[in-house]
Amino acid sequence: MEVIGKPVNERNIDAVAERIFHESIRILGGLKNLVEYRNLTWLPSLAEAAYVIALKNESIKTNREIAEYLGITEQTVKNILSADENRVMEYLKGESREKEHVAGGIAKLAYRAIKEHRDNLDERMEIMEESARSLGVDWAVHVLSNIKGLNFPVEKEDLLERLKGYQIRGKPIEDILDSLEYPIKSPAELLHAIREAIKD
Amino acid sequence: MAMEEYVYELRDLKNKAPKIFGIPTGTKLDEMFYTVNYDEKQDRFIKKPLGGIPHLAVMNITGIPDTGKSLLVEQFAVYQAARNYPVLFVTVESPANFLYTALKQKAQVLGLDFEKVEENMIVIDASQNAELREDMSSLLDTMAYAIKKKNTKNVVIDSVTGLYEHREVLARQIVRQLFNFLKKWNQTALLVSQKRSSQSSETAEAAGGLAVAHIVDGTIVMDKEIINSKWSASLYRRNIGEVVRTIRIDGCRLVPHSSDTYIFEITDTGLIDIKGPLSKITGGD
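Line order of the protein sequences matches chains A and B. Each residue of the first sequence is one higher than the one before, starting from 1 at the first, in the working numbering. Each residue of the second sequence is one higher than the one before, starting from 1 at the first, in the working numbering.
No lab work stands behind these hints, which were simulated from the structure alone. Do not take every clue at face value.
Think about it this way: if two alpha-carbon atoms lie no more than 30 angstroms apart in a straight line, the pair counts; the simulated DSS-like pairs of lysine-lysine are [what the hints assert, rightly or not]:
hint, chain 1, residue 1, chain 2, residue 2
1, B, Lys19, B, Lys184
2, B, Lys149, A, Lys6
3, B, Lys150, A, Lys6
4, B, Lys150, A, Lys78
Generate coordinates for the entire structure from the input sequences, incorporating the hints supplied.
Set out below in structure tokens:
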């Protein structure tokens with residue numbers, strides 16, 4: 001008889017794993033740092049570790065279930081989960097030569113940072129929005145944040161309801177949406193269609 | 001905007017209509033639901049016991065405290081799990097370890113294989129987690145996970161009242177969400193709901209109040225009365241000071257059912273033992 005004692009939300013696992021992955025890269029000094037030090041081979045292990053940590057903490061799966069779910073061995077799951085975060089940091093700084101599951105330790109540190117709201121997500125979102133604005137694609141951020149939760153494929157009416165009154169490069173969204181073909185299958189297709197429509 | 005997907009020609013529903021059969025509870029409640037079939041040879045409709053609560057029904061089990069609601073749903077859960085039909089048990093009142101003891105004891109008394117019960121039962125312990133009790137989307141996500149994981153056919157929630165005890169204005173909304181969810185996942189379900197002792201057993205409130213009874217497929221009302229007058233002692237053929245327990249089906253929209261009130265007992269080993277219609281026991285026809 002299995003007992004579930006806390007909420008399970010499988011839909012969030014991908015999002016949590018992605019967030020752990022991004023935070024892990026930040027802890028490692030950013031993607032550029034990894035490129036410079038030719039450490040890009042770490043990334044698959046890091047992705048794997050991010051999923052293991054997300055599944056263990058957010059979906060109450062056993063080690064064996066996690067291993068089956070990800071197609072890895074149960075021993076790898078154990079190594080990731082038992083990695084000592086502090087020793088991993090010492091190893092990265094060159095203060096220790098003791099072998100630990102580095103990706104597991106980093107992913108655990110990243111998960112802790114996320115849970116303690118130390119991953120500065122809001123600040124980074126602001127920087128991303130800033131960059132999008134300077135590149136002239138801030139409309140894409142606006143469209144995506146306003147259609148959040150909308151079920152695709154969508155019709156014009158659903159999009160109008162969410163985007164009413166917005167203008168892209170001086171063109172009213174109503175006119176832009178009038179020129180698109182429906183139904184639109186995905187957010188990516190919508191962004192592509194809008195980009196084509198505002199080209200002229 | 002027209003929502004064509006919700007409009008059907010009657011014939012479109014032919015293949016979607018669920019088959020009517022009984023899901024046994026291991027009690028005589030199974031004989032209180034009927035099926036009516038036309039017999040060509042005899043050229044008449046024949047009424048037969050359904051053999052359980054209707055398949056895919058969401059039933060409300062209600063009554064004042066200590067009327068045996070939890071015992072009934074535990075008995076149902078153990079009986080179904082032992083027959084290899086996986087059960088999701090959402091415990092809102094009693095912590096899971098206490099539930100485990102109760103279910104183990106029931107299996108022993110009923111002579112069922114507890115290993116099978118363990119294998120076929122998944123429990124959500126909402127009694128220890130406020131988020132599961134107070135955030136419906138968390139509870140429904142967790143239930144969906146458990147249903148998928150064990151491929152459950154039956155759901156027991158003891159009790160739904162615990163999900164809205166401090167916010168009764170939301171009761172209808174919560175029960176409606178649960179009802180729609182259970183239908184979507186094709187589960188046969190028993191929802192326990194509490195009735196206040198001030199609500200008389202023959203009123204609509206006895207069926208869990210307007211919140212629950214009008215949404216679910218049917219209601220089973222459990223009640224108890226202490227014999228405290230010569231009149232009731234003679235009516236029930238019991239001694240003064242004894243407790244008389246009754247059970248009745250207060251409506252079911254899926255199949256016909258007995259409209260009698262039945263007498264039942266809770267055995268020393270914690271089982272529900274339905275004896276027969278009150279009318280027969282008290283000397284009626």
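Take a quick look at whether B:Lys149 and A:Lys6 sit within 30 angstroms of each other, Cα to Cα. Holds. B:Lys149 to A:Lys6 sits at ~15 angstroms (cutoff 30 angstroms).
Run the distance test for B:Lys150 versus A:Lys6: straight-line Cα separation, threshold 30 angstroms. holds (17 angstroms)
Between B:Lys150 and A:Lys78, is the straight-line Cα distance small enough, at 30 angstroms or below? Answer holds: B:Lys150 to A:Lys78 is near 25 angstroms, not above 30 angstroms.
Straight-line Cα separation of B:Lys19 and B:Lys184 no greater than 30 angstroms? holds (16 angstroms)
Violated hints: none; the structure is consistent with every hint.
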